[in-house]
Amino acid sequence: MSDVVLKNIGKTYLNGFCAIPSMDLTIEEGEFIVLVGPSGCGKSTLLRMVAGLESITQGDLLIKGNKVNEKEPADRDIAMVFQNYALYPHMSVYGNMSYGLKNRGTSKAVIAEKVNAVATMLGLEELLERKPRELSGGQRQRVAMGRAMVRDPKVFLFDEPLSNLDAKLRVQMRMEIRQLQRKLGTTTLYVTHDQVEAMTLADRLVVLNKGVAEQIGTPMDLYNKPATPFVAAFIGSPSMNLFDANLTEKGVSLSESLYLPLPHAHRGSIVWGIRPEHLAIVDEQDADFALEILAVESLGAETLVHGVLKDGSVQGKAMVVRLAGPHNPELNSLLWLSAPATHWHIFDAITQQRL
Amino acid sequence: MIENRPWLTFISHATLMLGIALVALPVWMALVASTHPASAFGVGHIPLWFGSAGMETWQTVLFEQAGNGIDTPVWVMMLNSLVMALGITFGKIAISLLSAYAIVFFRFPFRNLCFWIIFMTLMLPVEVRIVPTYQVVANLDLLNSYTGLTLPLIASATATFLFRQCFLSIPGELVEAARIDGAGPWRFFFDILLPMSRTNIAALFVILFIYGWNQYLWPLLITTDDAYYTLVMSIKRMLSVNDGDIAWNQIMATTLLAMLPPVAVVIGMQKLFVKGLVDAEK
Amino acid sequence: MTVTFPQKGLPWLLLLPQLLVTAIFFLWPAEQALEQAFYQEDAFGLSREFVGLENFVYLFTDPLYYQSMLTTLVFSFSVAIMGMSVALFLAVMADRVIRGKLTYQTLLIWPYAVAPALAGVLWWILFDPSMGPIALWLGSAGVDWNHYLDGNQAMILVVIASTWKQISYNFLFFLAGLQAVPRSLIEAASIDGASPVKRFWTIVFPLLSPTTFFLLVVNLVYAFFETFGVIDATTKGGPGQSTNTLVYKVFEDGFIGLDLGGSAAQSVVLMAIVGVLTVIQFRFIERKVQYS
Chain B
1 MSDVVLKNIG KTYLNGFCAI PSMDLTIEEG EFIVLVGPSG CGKSTLLRMV
51 AGLESITQGD LLIKGNKVNE KEPADRDIAM VFQNYALYPH MSVYGNMSYG
101 LKNRGTSKAV IAEKVNAVAT MLGLEELLER KPRELSGGQR QRVAMGRAMV
151 RDPKVFLFDE PLSNLDAKLR VQMRMEIRQL QRKLGTTTLY VTHDQVEAMT
201 LADRLVVLNK GVAEQIGTPM DLYNKPATPF VAAFIGSPSM NLFDANLTEK
251 GVSLSESLYL PLPHAHRGSI VWGIRPEHLA IVDEQDADFA LEILAVESLG
301 AETLVHGVLK DGSVQGKAMV VRLAGPHNPE LNSLLWLSAP ATHWHIFDAI
351 TQQRL
Chain C
1 MIENRPWLTF ISHATLMLGI ALVALPVWMA LVASTHPASA FGVGHIPLWF
51 GSAGMETWQT VLFEQAGNGI DTPVWVMMLN SLVMALGITF GKIAISLLSA
101 YAIVFFRFPF RNLCFWIIFM TLMLPVEVRI VPTYQVVANL DLLNSYTGLT
151 LPLIASATAT FLFRQCFLSI PGELVEAARI DGAGPWRFFF DILLPMSRTN
201 IAALFVILFI YGWNQYLWPL LITTDDAYYT LVMSIKRMLS VNDGDIAWNQ
251 IMATTLLAML PPVAVVIGMQ KLFVKGLVDA EK
Chain A
1 MTVTFPQKGL PWLLLLPQLL VTAIFFLWPA EQALEQAFYQ EDAFGLSREF
51 VGLENFVYLF TDPLYYQSML TTLVFSFSVA IMGMSVALFL AVMADRVIRG
101 KLTYQTLLIW PYAVAPALAG VLWWILFDPS MGPIALWLGS AGVDWNHYLD
151 GNQAMILVVI ASTWKQISYN FLFFLAGLQA VPRSLIEAAS IDGASPVKRF
201 WTIVFPLLSP TTFFLLVVNL VYAFFETFGV IDATTKGGPG QSTNTLVYKV
251 FEDGFIGLDL GGSAAQSVVL MAIVGVLTVI QFRFIERKVQ YS
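As you go down the protein sequences, you meet chains B, C and A in turn. Going by full-length UniProt numbering, the first residue of the first sequence is number 1, and it counts up by one from there. Going by full-length UniProt numbering, the first residue of the second sequence is number 1, and it counts up by one from there. Going by full-length UniProt numbering, the first residue of the third sequence is number 1, and it counts up by one from there.
Any given hint might turn out to be false.
Stated by the list, open to error - Short derived list, chain C residues pointing at chain A, Cβ under 10 Å:
no.: 1; residue: 30
no.: 2; residue: 86
no.: 3; residue: 98
no.: 4; residue: 130
no.: 5; residue: 151
no.: 6; residue: 155
Claimed, not checked - Output of the computed footprint for chain A on chain B, the stretches with three or more beta carbons under 8 Å from beta carbons of chain A:
no.: 7; region: 76 to 84
no.: 8; region: 95 to 105
If you're looking for bench data, these hints aren't it; they were derived computationally from the structure. Just so you know, these numbers come straight off a predicted model, no measurement behind them. We treat Cβ as the ideally placed atom computed from N, Cα and C, and that holds for glycine.
Taking the hints into account, I'd like the entire structure generated from these sequences.
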């Protein structure tokens, strides 16, 4: 049974600004959904609409089959982890975790039992008497999650919960969140602007751009078959090489002189793309094009080569190549590359849809 | 908003408006009262709506005489109040700027002692030590003078403390840079410190102006000559005539005129005023 | 701050005006008060006699002084609590509204600028037994209002006038305090199932406690020392002793009663009280610094 259903959900502010025109999404029970997009894309607004912190101005929001548009946040049976954790500074860890249960009139014995169980699960037993300001960033993060878990809600909502942690801790907490969610099996809606976080956590991803879902799908769907140039550029790092091009009878024309052969019925302006990791170094005679090397970033396990296409036109087009292992090509020299057609991504330039 | 509870928002607005009305009530009554002839007050109650004698009363108190035993018109007392308020304000700011500058940017023996001596003045409002202060001013022959009105009130720990905080927040590199650029202490003071403290000075100005204008007990004690009466204290003199003879319309008009300048300053310079209040209590 | 100018004489020159004014108008009078507190002076100031601690002994055996202390406490706490409650209530309402916040603020803060004596006069005429609209209205409601005769009513009048002036100040600080409470805490609490009222008492109010404590001290200091004008313009400490606060008594005994020794002894006691209050205020400032 589907757990959370967004039907034609929209949000228009009183001043007329439309943050979310219309959104449809069906979340299955136990699913981990990540809302991802650049800042200002409406992902947090959408999450807060589900939480009941922002009003819904259009459409229906169903949780377990019940329409909850007009319900108070407290009555939606959701729990939320905030970006700054929003721990009550004047309450102990125990006080923070038990507050929601206390407000719902749960008996003291039951509260103690539940809080202790969750604290054990998160390794917070020793910290229950501490105040939030006496905790490290990672511990605060855990308390915030504990506070959400104690109530055993139908839906977890996460609003960029890892953005205040340092890089190392972020990776660790990311794994913990994923494991906990699997163990608890609670339906989860998670907002982030970090595509790595999104890819590693999600069962399914929703890529948002200007309030519109560009694509909804599994991480591999999005990586392999991005529906729009926006998704293509957003998912994957370094991001996909995208070029404005034309599709003619001779194939894809990247410039006046550079054609890539492709039999395709479509004609006209397109966006052509290939991921940096799908370009391969080949001999000159097998190459599709040459790259004039402008910069080399050696990361050890891989090497990123930045350059411009060498095709005779005055303004070369910038391209990134990702090579496994260490390489040390000379600056300003030419790198002969092949772009296998199986890895091409072609989008209609007008509709921005995948062809 | 967390809740869609329009009635809560409505109640908030309604409460605020009620609060505003209650706060404004006495001023409204004063305004109404000042528009009725003095005789209207004898009949048992203050009229609740405007009368027709307003212009006359206001003109009389403002330009001819304040009434109730005071022959001086309000505008003269206003001028006195202005002299006192500005004297206190500029005096406080000037001597506090200088002493804060000395305390923060120089090292000399007894520096801390000086700070504490100045600081002690913060502890004692003039009301507490009123009798001996009066005697001192009387001994110095400063009764009935502008100097007597302002000078004793311009020692200010608050302002010194505030400027000290402000100066301490100026990075040391700036002093070093100024010295490398060949600026001596005075150049540094006028070219760098003063411009950097501009908003603090302005904010403090608003607060101190109100403080100076509203002085009551001090001018009441040391002025016995009408020519030096300030507006706020004159009310007290006006109220000391016989109960039956009080011309309430004139008292109300004078009261409103006495409130007007500081209230106008608060409303007109609300941002600076709020900053001044917050700064002063840090 | 380690960077300073090397001049040695200049700082003294800079400090001179402040030190002179402080010495002449503060240290000298304070010293005189201290001295006078140990002397008995005749009403014409012609002769005086060293009496040791007699002025203090007299003061602390005088039931009127204790009565004045009690009056001061009742008055100060009434002003502080009333002013803070009303201001907090209004600030909570103002924090809720989205539109017109600044307008409401403007229309609520101006009484700060009204001199205490004028505030007293304004409320006096509203409550004047023979012509004040509120007094007359109270009369028709069965309350016989006459603050010239009834000490409690006189106290209520000066409390109202003093509170009215102080609401603006409390309002500004409470509003700033409320706006500093992170929005996400309120949201977290609402998800945790707390009603608006419960949210206020369990989350917002505890988080405001530094502001509340600070305002309590400031309000007490205000009621102690800055309400002289209100009392002098309305009740003059009467009827009887019912509104004769400690600060008013210093003035009354010194200037009207001409008991200079007694008045000076009271000044000394008040200085001590102010000293204690200042220490408390400082402790608080230190704590606040640590907190942030």
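Do the hints match the structure? See the list:
1. 30: Where the cut-off is 10 Å and the nearest Cβ of chain A is about 6 Å from residue 30/C, the hint holds.
2. 86: 16 Å, violated
3. 98: 4 Å, holds
4. 130: This interface hint holds because 6 Å falls under the 10 Å limit.
5. 151: 7 Å, holds
6. 155: 4 Å, holds
7. 76 to 84: Answer holds; 6 residues pass the 8 Å Cβ test.
8. 95 to 105: holds (count 4)
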